[in-house]
Amino acid sequence: MNFAILQFPASNCDQDAVHAVRLLGHSARLVWHKDASLGDTDAVIVPGGFSYGDYLRCGAIARFSPVMQAVKQFADNGGLVLGVCNGFQVLTEAGLLPGALIRNRDLQFHCENVFLKTATADSPFTSRIPAGKVLRVPIAHGEGCYFADEETLAQLKANHQILWQYCDATGDLTDSANPNGALQNIAGICNEARNVAGLMPHPERACEPLLGSADGKWIFESIFAALKNKSVAQVA
Amino acid sequence: MKAKIIITPKKAVLDPQGKTVQTALAHMGYTGVTGVHIGKYIEIDLAPGTDQAAASKALNEAAHKLLSNPVIEDYKLEIE
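For the record, the sequence lines run as chains E and W. 43 is the number that the working numbering gives to position 43 of the first sequence; each next residue is one higher, with no gaps. 76 is the number that the working numbering gives to position 76 of the second sequence; each next residue is one higher, with no gaps.
In case anyone wonders, no lab produced these hints; they're calculated from the structure. One should not assume that every hint holds.
In silico DSSO-like pairs for lysine-lysine, Cα to Cα no more than 30 Å straight-line [unchecked claim]:
#, chain 1, residue 1, chain 2, residue 2
1, W, Lys65, E, Lys34
2, W, Lys10, W, Lys57
3, E, Lys72, E, Lys34
4, W, Lys65, E, Lys72
5, W, Lys65, W, Lys4
6, W, Lys65, W, Lys76
7, W, Lys4, E, Lys157
8, W, Lys2, W, Lys65
9, W, Lys40, E, Lys72
10, W, Lys57, E, Lys157
11, W, Lys4, W, Lys57
12, W, Lys76, W, Lys2
13, E, Lys133, E, Lys34
14, W, Lys19, E, Lys72
15, W, Lys65, W, Lys19
16, W, Lys4, W, Lys76
17, W, Lys11, W, Lys40
18, E, Lys133, E, Lys228
19, W, Lys57, E, Lys34
20, W, Lys57, W, Lys19
21, W, Lys10, E, Lys157
22, E, Lys34, E, Lys230
23, W, Lys2, E, Lys72
24, E, Lys34, W, Lys40
Simulated coverage check for chain E against chain W, where a stretch passes if three residues somewhere in it have a Cβ under 8 Å from a Cβ of chain W [unchecked claim]:
#, region
25, 103 to 110
26, 125 to 139
Think of the CB as a built atom: it goes at the ideal place given N, C-alpha and C, for glycine as much as any other residue.
Isolated chain W, as found in the complex (with noise of 0.2 Å):
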């Protein structure tokens, strides 16, 4: 079992990245693109049998705790 969490910055924190990234993008030539956002991308390996539920509410707390700042960032959870 593995548990996926993406971490983004929220939409009002300054992403001095993103946007360099998002520049670099268009002076290649790719239009249309509106905004990039750069982020982390966490994989945590889960025992196998371990129980969902429990290891979600495990992980929203850690995520909330350590894993992101909320003051700065948003993330995501999923487990497969």
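Just chain E, same shape as in the assembly (with noise of 0.2 Å):
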């Protein structure tokens, strides 16, 4: 499988999303942000980082470059597009997620190991996970308190849009647990068409036991899943 790793001035975690993608057996590229075309791409990943200096709003500003037209497009055909961290931010302001990500609770960046809970199995970004598995991975943000609207946050819910959320180690999900502040404890969710999701967590810095956790691999493996899936569809 193709992967297209973004990259804007001051992305920082393209080469750990590279570096995933080919440890666990697939191709991966860097598109520049200046691209107007993704080339012959299966997945998308929106790469975390400091998009154009956070200027603004965190992803504000990487929302309006060529290649986010070109991902929209790409989204819009029912291609699967990832945004981890500041891709998750530039994807909410893209308006390919819904609500937004705003400054932690205790305005301090967190940098640490959290928990995750799978809040369903049912999307390409969750389908391998074993069930009942908690999974433990870093966090590096600093706006990472996810907010949307009544209205909006009872859509995700009835729709069963958030993927992930965040919890102690046995799975709870306690106020303790959130980082951030995020509403319902989300590090994750996704679009209505379940194409498109994002998440504040790295499960690309935690794809091998060097790196303390090799728990961020069960979701890159449900997407490979997810795309072998299509493929034969489409051949058949």
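Each chain sits in its own coordinate frame; assemble them with the hints.
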């Protein structure tokens, strides 16, 4: 499978994403923010970092880059798009995902490992995560507090669009396990069509034991499985 | 000519900066402060003689699309 990893000025998790995809046996290449085309691509990763210096608001400028117009079209055609950290912020600013990410409630930048509970296996991003498995993955953000108005939040719940929530080591959704004050402990969501997802934690930094956790690979394995099913369906 | 845009967090949105400053003001002895909301102020220079109505329309669009995020922020536009 071919992954397009976007590269904005001040992206800093782009190489990590390339490394993770290649480590797990697939191909990945960087696509510059000024490129208006994604080329031959099966899935897109919008990586973490501080695109355009986080000026104005995180992700606010990046959404207008030429490559994001291509990503929008790719997503509208059903292509799989995953936004990680700043990538999640970019996708909400672009309107590809509902809600917004605001300053952490304690105003601190959090760089630590967190635990994640997968709220539903029914998505191309979660299908291969073992049932009941609590994922241990790192976060590194200052503006990761997920916010949406009540109506949007009700829709997210009704459509099972909440994919991951911050929890403690045993899988309980406690307030102390919530690193940033996100509503409903939300760490990641998907769109209504379920082909675009974003999360604040970094699965690409947790794909090998050497890095302290390999739990992030379950998210990538889910994407690989979804792409394989898609290509089988196309051949049939 | 100048356009002034004041951006504030929506009421329902958590404003930890505002809360922290409010607490600091209380510690300093400033009583009667019932809320602090921290936003942004943007000043835009416009060419002299710019049509005010057209500028207002364009800047409202820009404020909605880029300068503010309507999910979490409100804005007020003034042209003078």
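Practice problem: Between the region 103 to 110 of chain E and chain W, see if three or more residues pass the 8 Å beta-carbon test, and mark the coverage as holds or violated. | Solution: holds (count 5)
Quiz item: Do the alpha carbons of Lys11(W) and Lys40(W) lie within 30 Å of each other, as the hint requires?
Solution: holds, 15 Å
Self-check item: Restraint status (C-alpha distance of Lys2(W) to Lys72(E) at most 30 Å)
Solution: violated, 34 Å
Quiz item: Holds or violated: are the alpha carbons of Lys65(W) and Lys19(W) at most 30 Å from each other?
Solution: holds, 28 Å
Quiz item: Taking only the CA atoms, is the gap from Lys4(W) to Lys57(W) under or equal to 30 Å?
Solution: holds, 14 Å
Quiz item: Is Lys10(W) close enough to Lys157(E), meaning Cα to Cα at most 30 Å?
Solution: holds, 22 Å
Quiz prompt | Hint consistency between Lys4(W) and Lys157(E) [alpha-carbon to alpha-carbon, up to 30 Å] | solution = violated, 39 Å
Quiz item: Is the hinted pair Lys34(E) and Lys230(E) satisfied, with a Cα-Cα distance of at most 30 Å?
Solution: Measuring from Cα to Cα gives roughly 29 Å; hence the hint holds.
Self-check item: 30 Å Cα cutoff - pair Lys76(W), Lys2(W)
Solution: holds, 14 Å
Quiz item: Can the region 125 to 139 of chain E be counted as covered by chain W under the rule of three residues or more with Cβ-Cβ separation shorter than 8 Å?
Solution: violated (count 0)
Quiz item: Within 30 Å, alpha carbon to alpha carbon, are Lys72(E) and Lys34(E)?
Solution: holds, 14 Å
Exercise. Decide if the proposed pair is consistent with the structure: Lys65(W) and Lys76(W), CA atoms, cutoff 30 Å inclusive.
Key: Holds: Lys65(W) and Lys76(W) sit about 14 Å apart, inside 30 Å.
When held up to the earlier numbered hints, the structure conflicts with 7, 10, 13, 14, 20, 23 and 26 and fits the remainder.
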